[in-house]
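Asks: Chains as they are written, first to last, in my numbering: chain A, 38 to 425; chain B, 1433 to 2015; chain C, 9 to 279.
A hint or two may mislead.
No more than 20 Å apart at the CA atoms, straight line, and that leaves these computed lysine to any residue pairs for SDA-like [claimed, not checked]:
#	chain 1	residue 1	chain 2	residue 2
1	A	225	B	1940
2	C	80	B	1791
3	C	80	B	1730
4	B	1941	A	101
With beta-carbon atoms standing in for the labels, derived distance ranges [said to hold, decoys possible]:
#	chain 1	residue 1	chain 2	residue 2	range
5	B	1940	A	269	47 to 57 Å
6	B	1945	A	294	53 to 63 Å
7	B	1883	A	262	49 to 59 Å
8	B	1707	A	71	33 to 43 Å
9	A	229	B	1939	17 to 27 Å
10	C	25	B	1976	39 to 49 Å
11	C	25	B	1821	48 to 58 Å
12	B	1710	A	64	16 to 26 Å
13	C	24	A	254	33 to 43 Å
14	B	1711	C	132	28 to 38 Å
15	C	127	A	319	24 to 34 Å
16	B	1972	C	164	31 to 41 Å
17	A	294	B	1976	40 to 50 Å
Anything over 10 Å on all C-beta distances counts as not near chain A; from chain B, calculated [stated by the list, open to error]:
#	residue
18	1654
19	1706
20	1711
21	1715
22	1737
23	1748
24	1755
25	1802
26	1803
27	1816
28	1829
29	1910
30	1943
31	1961
It should be emphasised that the hints constitute simulated quantities derived from the structure, not laboratory data.
Computed from a predicted structure; not experimentally measured.
Glycine included, C-beta positions come from ideal geometry on N, C-alpha and C.
Below are the chains, spelled out letter by letter.
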Amino acid sequence: MAASQTPSSPQAAPLVPREPFLTKRRAFSIVGLIIFLGFFAIPIYQTILLEMWDSPRQLTQQIVIGLTKGTYIAVIALGYTLVYGILELINFAHGDLFMIGAFLALIFISLFGLDPKTSSGITIFFSLIGILGLVMVCTALMNAGIERFAYRPLRNAPRLAPLISAIGMSFVLQNVGIFLGDGLIWDKLAAGLGSDAIGRVADAMGTQSVAPKNIPDLLPNGQVFFIPDSLKYTYKDLLVAVVSLGLLAGLYSFVRFTKLGKAIRATAQDRDAARLMGINADRTISVTFLIGGALGGAAGMIVGLYNGTALFSMGFTAGLLSFTAAVLGGIGNILGSALGGLLIGLILALSDQYIGTRWSNAVIFAILVLILLFRPTGLLGQEGGQKA
Amino acid sequence: MPNTKRYLITGGVGFAVGTFFLWNYPNLGLGSALLGGLVIAALCLLYSAPLADMIKAGLIAGMFGAVMTIVYGTHKPGVAIIAGMVSGLGAGLLAFQRSPQANPKKAAILGAEAGAIAGAWTGLSLFVMAFVIAPAAGIDAGDFAEHLSETVILADVLGLGSDILILLFAFAFSTLSGAILGAASCAARSLPLRPNIPLLAVIALPVLLIPLIDRAGNLLLLDALIPIYIFILLALGLNIVVGYAGLLDLGYAAFFAIGAYTTAMLSSPHLGINLSFWLVIWVAAAVAAIAGLTLGAPTLPLRGDYLAIVTLGFGEIVPILFRSLGGGPPGGTLTLRFFGMPIGIEQVDLTGGNKGINPISPPHLPLIGDFDPSNKIPWYYLLILIMGLAIFFINRLRDSRQGRAWMAMREDELAADAMGINVVRTKLLAFSMGAMFSGFGGAFYGAFIGAIFPSSFDFSVSIILLCMVILGGLGNMTGVIVGGLLIQGADKMFIPKGAELFRRIAETKARAEGSSTVGVSALQDLTQQRLLLFGIVLVVMMLVRPEGLLPNERRKAELHPDDDTINSNSVAAEAEADPSLAA
Amino acid sequence: MAPLLQARGITKRFGGLTAVSDVSFEIEKGSIVGLIGPNGAGKTTFFNMITGLYTPSDGDMIFDGKRINGTKPSEVTKLGIGRTFQNIRLFAHMTALENVLVGQHCRMHTSLLGTLFRTASMRAEEKAARQKAFELLEYVGLGRNSADEMAKNLPYGDQRRLEVARALATDPKLLLLDEPTAGMNPKETDALTELIYRVRDERDLTVLLIEHDMKVVMGISERVTVLDRGIKISEGLPREVQTDPKVVEAYLGTGHAAKGKGGGAPVFDKA
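Produce the entire structure from the sequences given, and follow the hints as far as they go.
Replies: Dropping the structure here:
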């Protein structure tokens, strides 16, 4: 009841108390942190810093890798931010949509018979652009469909209801990933339709539906620049960064400068007021999900090609990373999410190198918790980002 | 369809009950049938539906019986008969329970009617199995009669040979058991007892008798039941957090892990500390509760969905910690530098890393000695005791000042604050209480399995528990138990069994077509559809029945003052009316 | 006698906006005081500063000799300020009885262990609490048969009464009523007015009510303070305030001020 009443009553809006920064709780947390840093963590930090100092080349390499990763993390994070901005819903299924994007990319690549050994560079280039479009259309429609059937009926429900529904959709999508990755299903389809192309998909998927799938290495591997023993930067890295940044820029200008973008911003500000101004809130929300889905799918394809694999559970980790990125930058804020993505990519790469990959998830989560505790609005979030 | 939910509830429980004794050999036809009947009797006492409902409920139970038969009968044909009997017994009881005619004769007739309906269903399912499913799965239908005569003594005596006779037998037995139980429960009702005593007895008796039946029939039922009960215990703890206090906790498995690892570290040769289980279980619960406090203190003031994500984070970090705090090479050192000076830290293998901790010492009792992993009976009773105590104490908590504060906070945090309830403290209490019960669960789990691995505590555990709580009904312990039986029954019993059946069918078909590949696609392999099941449960429950299958009695009355008034608008109304989900 | 509640130069700023500016006033023990003003006058902000939802940017809020600036709402309630809400905020899915029991929460002492082991003192306390809850329900005019009714299912007027009962259950010295008659018909309003008097007289309470409907406030309050745009513009007996040109102007705009002067009270009948 509380949640459903609050937005409608004019009185309730300012009821969220403003806390002074140094509450008792925060003071405790800070003291705890200092004790932790002083007695336990300083040797570790020192070790890490010295290790960085010892090999600046390695550090530079990791920074380059981190920023590249950061660009696609930012693209996924935007999906969270857009939806959160407009519905205040953590779209849990978004990470899994990203995974579906990777699977769809593999399916289309197999259907078109692209092969790094036999296909010409031009063919690959134009096919990939076409496939990117196809993947984006598919995931966009899926995302909008999910919104229509799993979230929209819960628009006026208590706010945890759509979140639970989103968690459920995340699991459903993971299972869709298992189905898509099952060579036997494709085999039957190929036999039934007598199609070689589908047979190629079946071959690409193999017989183990839950096993990681190999995506052919279609991106150019040449070096953009290369300093012996230290730094390398391939066209692949460059391409990933350029495409991701392009998507970010495109989205930013869409939301900033088009009429639909304005509608999205208006609906995010105040759905009821936007409706009074003649904005169709449902349609605006659908458009937001379409865009979010397209971004998720595109990121899935980019990451799939970049890393060369697709796995049905890859959306979970990626989703958490990008959600953290969105929160770090200020959820609901497009530029903030982009910034958060880059930072998280950087942190991830450094933590992989200097702390160990097994700790990376823990590091990311620790960051998430710390942000939520000390600055829930994120780096670029406005005051009152934690809207009531 | 005004009464659909009631049928679904009844049938659903019939389904779950069915899984118990269909799990294995049907050597104890009558005993296990009675068991099922008793459970259904408990159910109909709980949900006092009018007569017509009862008959229809029996019908639904029978339908579920039919599904069970189809899924299970392949391997153990005699089971089908029992399914029929149980449906009959249940239906008989249901038909009788609330009928105004408190007359054993009439009750017997009603029971017989309902039993007959259920029996017909069972007969139909037997038929389908014998002539459709069994051939498809490459099983000789001729086995049926043979198996049956081994299973049910009467069948042998009467010399029942043909399939048709077996069907008739199932039908007759179902009718008969319906009549008997109808009459018996009518007689029981006239006894001068407090109304909840027979109810308790009816629930407790089968639960307590299961190990004896299990041993007599060599059913190996307990192997499956104990893990299910452990999960139900955990779900009861989670229900405090999610159901009573309205805090969405997506990392509940972390506390389970903490309880289990505490037990493992303190009660195993791994670290050389080998304390008694009876001490360690308390330590584990306390450590889990303290962990709940420590994790909750900074995060609980966060708003609902942020809290969900942060708890999810803890749920991820805790297994990572346990994975990483050990498992390195013995005697290895980690070199750190402190202001340039190297310090070597000897690595202590605290948690065994990925390999986990193995073995963990079992509990020891004077008369029984060490609990034996192969003899599950003491384990079972110990767990029942822990669960009983948990239910008892959670009940007390709910009906107290603290419980009311949880519910008030769930309803309207701001108003609760204004009524003098310290919201953060109240949340912390809920969090630590929830954690404490999962600590007990974790301690028992560690000792029972005898070994723990970090992979047993991942995100899917938290989600399964959440599914159990949401499916059964937030804030209602009966609901959580039923939801737990359903989800866990599906996860640990039906899905594996069904998957086996489907695989056999697929293989038979492949052989018939002369195809050499015998692979089973993900669409046919039910074990690969667990995630789908949980996902669908969450989404559909939110959309259709946010209050759960067995909502809180009061809330049920609230949401459905009159069953006939349900209309299409009520979905939104229900969603709105469900306070436990309010942030 | 020292006043029960004393506001000294209370100011509240939100960013650049000053919602309440240098407001001082006092509430004598045992009085019924109205705080009125047109929409957006800062009444609710002021109210929230008393109940602890906001901390004043400036000034002191003194209750019963204690400075309560920035005290948490639950602590304020413990000190003895009970409140109702403008848009009823009952615990909708709890029974009327439970709502009142929740109100008594801060006056009960049973610890966690006491609850788990259901000690004799816990049972005694619980029994006394129930007894008191029933009494309060009857006191505000809700019969015993409403006790097991879900709060949500009560008629509107009864919900208001239940809110009062719940606030009374916190054993307040000062009762804050936020637009208690909003949405009520004249009959219900009269009944509630009567209840407010009874509460004050029989339970030795002080009452502060917020209203924007002048007519209601005039009927109930003994003293009235008028806020407009965050500033206290008038204070005194209802009749004095009613004819204060500043008040008339605040409510009806300058154009009506002249007329109001001549016409006196009737102006507010239209408001």
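Asks: Evaluate each hint against the coordinates.
Replies: Now for the hints, and whether the structure bears them out:
{"no.": "1", "hint": "A:225 <-> B:1940", "result": "holds (17 Å)"}
{"no.": "2", "hint": "C:80 <-> B:1791", "result": "violated (51 Å)"}
{"no.": "3", "hint": "C:80 <-> B:1730", "result": "holds (18 Å)"}
{"no.": "4", "hint": "B:1941 <-> A:101", "result": "violated (55 Å)"}
{"no.": "5", "hint": "B:1940 <-> A:269: 47 to 57 Å", "result": "holds (56 Å)"}
{"no.": "6", "hint": "B:1945 <-> A:294: 53 to 63 Å", "result": "holds (60 Å)"}
{"no.": "7", "hint": "B:1883 <-> A:262: 49 to 59 Å", "result": "holds (52 Å)"}
{"no.": "8", "hint": "B:1707 <-> A:71: 33 to 43 Å", "result": "holds (34 Å)"}
{"no.": "9", "hint": "A:229 <-> B:1939: 17 to 27 Å", "result": "holds (20 Å)"}
{"no.": "10", "hint": "C:25 <-> B:1976: 39 to 49 Å", "result": "holds (45 Å)"}
{"no.": "11", "hint": "C:25 <-> B:1821: 48 to 58 Å", "result": "holds (56 Å)"}
{"no.": "12", "hint": "B:1710 <-> A:64: 16 to 26 Å", "result": "violated (40 Å)"}
{"no.": "13", "hint": "C:24 <-> A:254: 33 to 43 Å", "result": "violated (57 Å)"}
{"no.": "14", "hint": "B:1711 <-> C:132: 28 to 38 Å", "result": "holds (34 Å)"}
{"no.": "15", "hint": "C:127 <-> A:319: 24 to 34 Å", "result": "violated (56 Å)"}
{"no.": "16", "hint": "B:1972 <-> C:164: 31 to 41 Å", "result": "holds (35 Å)"}
{"no.": "17", "hint": "A:294 <-> B:1976: 40 to 50 Å", "result": "holds (42 Å)"}
{"no.": "18", "hint": "1654", "result": "holds (30 Å)"}
{"no.": "19", "hint": "1706", "result": "holds (29 Å)"}
{"no.": "20", "hint": "1711", "result": "holds (29 Å)"}
{"no.": "21", "hint": "1715", "result": "holds (23 Å)"}
{"no.": "22", "hint": "1737", "result": "violated (5 Å)"}
{"no.": "23", "hint": "1748", "result": "violated (6 Å)"}
{"no.": "24", "hint": "1755", "result": "violated (7 Å)"}
{"no.": "25", "hint": "1802", "result": "holds (36 Å)"}
{"no.": "26", "hint": "1803", "result": "holds (35 Å)"}
{"no.": "27", "hint": "1816", "result": "holds (31 Å)"}
{"no.": "28", "hint": "1829", "result": "holds (22 Å)"}
{"no.": "29", "hint": "1910", "result": "holds (21 Å)"}
{"no.": "30", "hint": "1943", "result": "holds (16 Å)"}
{"no.": "31", "hint": "1961", "result": "violated (6 Å)"}
The structure is inconsistent with the numbered hints 2, 4, 12, 13, 15, 22, 23, 24, 31, although it conforms to all the rest.
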